[in-house]
Amino acid sequence: MLKRLLAEDGVMAVCQFRDDGELVEGYGMGDEAMLQRLAHFAHDYKRLVQGNADQLAMFTQMSGWTPPGAWLVKGPVWAVCGLSNLVCVVDLRETGLNTIMQGLQDAASW
Amino acid sequence: MSLIHELTKLPGVMAAGEYAYRGDRFNYEGHLSEEMARMASIMCRSTTMALHMQVDMLTQLGKDCGCSPAQGWLVSGEKYTVVVRANYFCFIDNSANNLNAIVKYINEHVDTQTGELV
Amino acid sequence: MADLEKIMQLKGALAAFEFSDSGELVKSNIKDEQKINDDILDLLCHVCVANGAIATMQARGWEKVTDMTGFYPIKGFSLMGFEWTVIVNQHSGVIVANDDVDFDKAYAVLEG
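Chains as they are written, first to last, in numbering that gives the first Met the number 0: chain A, 0 to 109; chain B, 0 to 117; chain C, 0 to 111.
Excised from the complex, chain A in its bound form (with noise of 0.2 Å):
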């Protein structure tokens, strides 16, 4: 499922990551401490957005923050998306975050 993702047009490297942030498959450019360093990466950074989620439902009594869904950080060329414990770096000239996404959730439910 992630080579699958990984042939989607603009996705440049996929990876899926253990709880502890560990790699546990990873394709795309790179190499495989590139990749290691990406799912690391990944897993840090939904931690990061995990604990601000919870205060932003903290301070605003808001539901519907957590847990999040789905993260992305998005540059002028690249961005880089995760969802559950997958992560994919993509070139945005070549594709669009809303296939990408799809894409995110059908490899996380598969």
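Some hints could be false.
Straight-line Cα separation of at most 20 Å, EDC-like style, residue types lysine to aspartate or glutamate; simulated pairs [claimed, not checked]:
no., chain 1, residue 1, chain 2, residue 2
1, C, Lys30, C, Asp2
2, B, Lys78, C, Asp98
3, C, Lys74, B, Asp92
4, B, Lys103, C, Asp2
5, B, Lys103, C, Glu82
Worth flagging that the hints you see were computed from the coordinates, not collected in a lab.
All values reported here derive from a predicted model rather than from experimental measurement.
We have chain A; now place chains B and C onto it with these hints.
Relative to chain A, chains B and C alone:
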């Protein structure tokens, strides 16, 4: 006596506490309500996690900058300061002018962090 | 504007710096470029700005929920590392060896 109890005896310390990295427990003493202490635990834990991530990334991106593994952090507002080392937090009244002594006490009584948030 | 020369006179100071709202390094004064360089400082400034922003969000929320005011606006942030501590106030900061850290003095000097 527990570190938390000893911390609350230092001049300027309004409250001190500890939280579990897993986020399911906290313990505190001092002038905070139970709900405030719970929120403080959530906030301190979240910032500690974020900081560890950032320091790890900093180390990976540059050469070792002397800050890894992160030992703690401190944030200061107009009237109050929060100091955190490992899973201990301390709320401080700035008017006591005792920040150095409080940080020194925490540093001396909380083990050096290895980077594992357990 | 921060007086980096003055900041560097703090005991144990390894580098003094100034950064923009978004964390880019604007100015630096480094004691030993073998240990610290502008690239590291730039990243460190971004870390400080990121945590300042998180702390500002927390202070805002905390004050609204508890009515305990005195945190907002956040002025300073410090990271106590393994060997060195970075102390930041507004847009300037200093890196000090852990054994020499004097927070009160550092904040006073950074305040200008």
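Hints and how they fare:
| no. | hint | in the structure |
| --- | --- | --- |
| 1 | C:Lys30 to C:Asp2 | holds (15 Å) |
| 2 | B:Lys78 to C:Asp98 | violated (26 Å) |
| 3 | C:Lys74 to B:Asp92 | holds (15 Å) |
| 4 | B:Lys103 to C:Asp2 | violated (27 Å) |
| 5 | B:Lys103 to C:Glu82 | holds (15 Å) |
In this structure, the hints that do not hold are numbers 2, 4, in rising order.
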